Amino acid sequence: MKGKILFVIRKWWVLALVLTLALSLTSCSKKRSNLLSNSFGFGYCDGNLGSFDVYTIPKGNGVDVDLVVIPYQATNGDIIQIGIVNSSATAYKVTTYQATVQVDAEISSMITISDIANYQVLAIRPFTTGGFLDNTGGVDAICALPVPPGFGNGFGSF
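Residue 144 in the working numbering sits at position 157 of the sequence shown, with consecutive numbering throughout.
It should be emphasised that the hints constitute simulated quantities derived from the structure, not laboratory data.
Everything numeric in this text was worked out from a predicted model, so none of it was measured.
We treat Cβ as the ideally placed atom computed from N, Cα and C, and that holds for glycine.
Mixed in with the good hints there might be a few duds.
[Unchecked claim] Derived Cβ-Cβ restraints for the label pairs, each shown as a range:
id : residue 1 : residue 2 : range
1  : Tyr84     : Gln60     : 19 to 29 Å
2  : Gly49     : Val90     : 25 to 35 Å
3  : Ala78     : Phe114    : 17 to 27 Å
4  : Ser74     : Thr116    : 48 to 58 Å
5  : Gly30     : Ala78     : 17 to 27 Å
6  : Ser26     : Lys(-9)   : 48 to 58 Å
7  : Lys(-9)   : Ser95     : 25 to 35 Å
8  : Asp51     : Lys(-9)   : 19 to 29 Å
9  : Gly47     : Gly117    : 34 to 44 Å
10 : Val50     : Ile129    : 51 to 61 Å
Please put together the full structure from these sequences, using the hints given.
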């Protein structure tokens, strides 16, 4: 009888260990539910500064949008600024004032659907202490700001 109890306790201990390990691994992962439904904008931003993947991911509140930039061919350690600019280059908004490039590491900031309507260009530039639109000698990565699908069907209807 005592041997059966020890056998059951050993099985429960192993089961509890496996269950604890499985729960800890799944709870640490970061999942964005709207990435599975393709409700995000995606684009490439290439230039002399490097190559970057760019995502615009709507938040659930209908107003805010995550702007995510992921360097995939760039120099680790470069210090950059990220901003959005209107098509005539008369207005801009800096979304990330200073970030250090790390290939495959996410650089994230938040913009609004109003920003997507007002600014059409994404600019990734070397960090400078001057203005964002100051000349940097052509060392930039500039692209169209990706728009989430359904954005044109009504303000905030993505």
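Evaluation of the provided hints:
For the pair Tyr84 and Gln60, the supplied restraint of 19 to 29 Å holds, since their beta-carbon distance comes to about 23 Å. Checked against the given bound of 25 to 35 Å, the beta carbons of Gly49 and Val90, roughly 33 Å apart, stay inside it. At about 21 Å, the CB distance of Ala78 to Phe114 agrees with the hint of 17 to 27 Å. Take Ser74 and Thr116: their Cβ atoms lie about 26 Å apart, and the range 48 to 58 Å is violated.
The beta-carbon spacing between Gly30 and Ala78, approximately 21 Å, falls within the hinted interval of 17 to 27 Å. Between Ser26 and Lys(-9) the CB atoms are about 55 Å apart, so this pair conforms to the stated range of 48 to 58 Å. Look at Lys(-9) against Ser95: about 55 Å separates their beta carbons, and that is not inside 25 to 35 Å. In this structure, Asp51 and Lys(-9) break the distance hint of 19 to 29 Å, their C-beta atoms being roughly 59 Å apart.
Distance hint check for Gly47 and Gly117: the Cβ-Cβ separation is about 38 Å, which falls inside the suggested range of 34 to 44 Å. A C-beta distance of roughly 26 Å is found between Val50 and Ile129, which places it outside the suggested range of 51 to 61 Å.
Going through the hint list in order, the structure does not satisfy hints 4, 7, 8, 10.
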